[in-house]
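*Asks:* Listed below, chain by chain, are the residues.
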Amino acid sequence: MPLQPWAANGSVAGRRARRRAGDRTVRILTAGVGGLSLMGTGLFSAAAWASTHSQAAHVKRPVSSKRSVPGPAITPATSSTDSSHAGHVKARPTHHASPLQAPASPPAQPTQPPVATSSGS
Amino acid sequence: MTATTSVSPGTAVHRATWFAIGCDVSLLVTDPAALQSAGELLRHEIDAVDRACSRFRVDSEVMQLHLAAGRPVTVSPLLAEAVAAALRAAEITEGLVDPTVTATLSALGYDRDFGSVASDGPALPRLPFRRSKWREVRLEPGSNRLTVPRGTQLDLGATAKALLADRAAARIAGKLGCGVLVGLGGDIAIGGSPPQGGWSIRVQERPAPLEHGPQGNWCVISLTTDALATSSVQHRRWSRGHCDYHHIIDPRTGTSATAPWRTVSVTAASCVDANTASTCAVILGAEAETWLRSRRLPARLVSAAGRVETVNGWPDDAQCPRP
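So the sequences go chain by chain: A and B.
Anchor point for the first sequence: position 11 equals 11 in the numbering used here, and the numbering is continuous, going up by one each time.
Anchor point for the second sequence: position 193 equals 193 in the numbering used here, and the numbering is continuous, going up by one each time.
Honestly, the hints are just simulated from the structure, not real lab data.
Some clues are possibly wrong.
Unchecked claim - Computed beta-carbon distance windows for the label pairs:
(1) P99/A / E140/B: 32 to 40 Å
(2) P99/A / A286/B: 37 to 45 Å
(3) R126/B / A108/A: 44 to 52 Å
(4) V73/B / A108/A: 39 to 47 Å
(5) P99/A / A123/B: 38 to 46 Å
Claimed, not checked - Computed list of chain B residues with no C-beta within reach of chain A, every gap over 12 Å:
(6) G39
(7) R43
(8) V58
(9) L105
(10) A118
(11) R150
(12) A170
(13) D226
(14) D244
(15) T276
For each residue, glycine too, the CB sits at the ideal point set by N, CA and C.
The task is simple: from the sequences and hints, build the whole structure.
*Replies:* Shown next, in the form of structure tokens:
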């Protein structure tokens, strides 16, 4: 299993994650959900993020365990200017809703002057 | 309501325009005798959707949901349809088009009809990050029983307006048997048989009457079926302190989206789908082109610098007729 991008940074969590690369990735992602809930309480911080992941690396949990509820995967902010919210929610695809439907045909070049407008809203 | 008739070579399109629900409303029909009845049908739909879905009316059905404080409520079929459309949009965009960002929008200053939002004001305090709640909204299929988490407010604005366009176009075409185009700001839905050459539509970044010339980057396309939506961060903007905000919220950051695309137009089988895709594309940013390509949705994207990209068969701007 490939290493998560954030695990390549210089943090303690990242070093541990690199050492444990592979099947441990599942645990780190699970801990990421914890990070999201912390964000929701307004208590989230970079320290909490690092702490959460550091603890996650020690959690002994069967790799085969599955989350019962689909949830978002989280990757950290890509820059220090990315606000205190830090996390970036990348939800997993779900399979309940019907997909977006493409048009029967693409728009064409007009042969008449415009009779209506579509303005940004 | 103003009614005009514009005659183009080989076809006549009969048009009425007015302002409602915070945007310019355009109604075009191919049969002059149908214009008045079509106008009445469209006004009825606008009024019904506004009473069910507006977050700016204290008497709207969606605002009354707060009184339930997290308990299930049986809602009208129209509100159930609008909520279902919003939840589907959230699900298929993986939470990016989120109907529960209302508190964030309000905290940023967009807490009333946009015409009443002050264009400038003092800097905002640091806002707490609000976790997305759309997965906790429950709509029981068939029974119209809706549960909204306590403290969560729904903003159905974008998808409800698109749904309104879809419903009105289908109803007018079905009842009156003519070709019809319903335009609500950036959202356009088409029904019935189009005029010869299709519906010629000017896609622009900011609202402006057809007679006043285009605003911002623009093009003209022709549609014979389906629907079109344009989402832009060029419109519905305001400032607080030295920060600029707009109405498209990125739920990943809890503030206005800071994307490389300032305007995205999409055609899809329905206006709800087109609106969902155009809004999602603005939020997605750099990944938007790939996302749209993979869904076979024709689209036109305008970058912050004014560069135009088109995907999936959207006509090249270079071939667009210019006055």
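*Asks:* All hints, please: hold or fail.
*Replies:* So, going through the hints one by one against the coordinates:
1. About 23 Å separates the C-beta atoms of P99/A and E140/B, a value inconsistent with the hinted range of 32 to 40 Å.
2. Take P99/A and A286/B: their Cβ atoms lie about 22 Å apart, and the range 37 to 45 Å is violated.
3. For the pair R126/B and A108/A, the supplied restraint of 44 to 52 Å holds, since their beta-carbon distance comes to about 49 Å.
4. The beta-carbon spacing between V73/B and A108/A, approximately 46 Å, falls within the hinted interval of 39 to 47 Å.
5. For P99/A and A123/B, the Cβ-Cβ distance of about 42 Å falls inside the hinted range of 38 to 46 Å, so the restraint holds.
6. With a least beta-carbon separation of about 15 Å from chain A, G39/B lies farther than 12 Å from that chain, consistent with its non-interface assignment.
7. No Cβ of chain A comes within 12 Å of the Cβ of R43/B; the nearest lies about 18 Å off, and the non-interface call holds.
8. Once the 12 Å rule is applied to beta carbons, V58/B is consistent with being away from chain A; the minimum gap is 24 Å.
9. At roughly 14 Å, the least C-beta separation between L105/B and chain A is larger than 12 Å, which holds for a residue marked as non-interface.
10. Distance check on A118/B: its Cβ is at least 20 Å (rounded) from any Cβ of chain A, clearing the 12 Å threshold; non-interface status holds.
11. R150/B, annotated as away from the interface, keeps every beta carbon of chain A farther than 12 Å; the closest lies near 14 Å.
12. With a least beta-carbon separation of about 15 Å from chain A, A170/B lies farther than 12 Å from that chain, consistent with its non-interface assignment.
13. D226/B, annotated as away from the interface, has a beta carbon of chain A within 12 Å; the closest lies near 4 Å.
14. At the 12 Å boundary, the C-beta of D244/B stays outside the reach of chain A, the nearest C-beta of that chain being 15 Å off.
15. With a closest Cβ-Cβ approach of about 6 Å to chain A, T276/B is found to fall inside the 12 Å limit, against its non-interface label.
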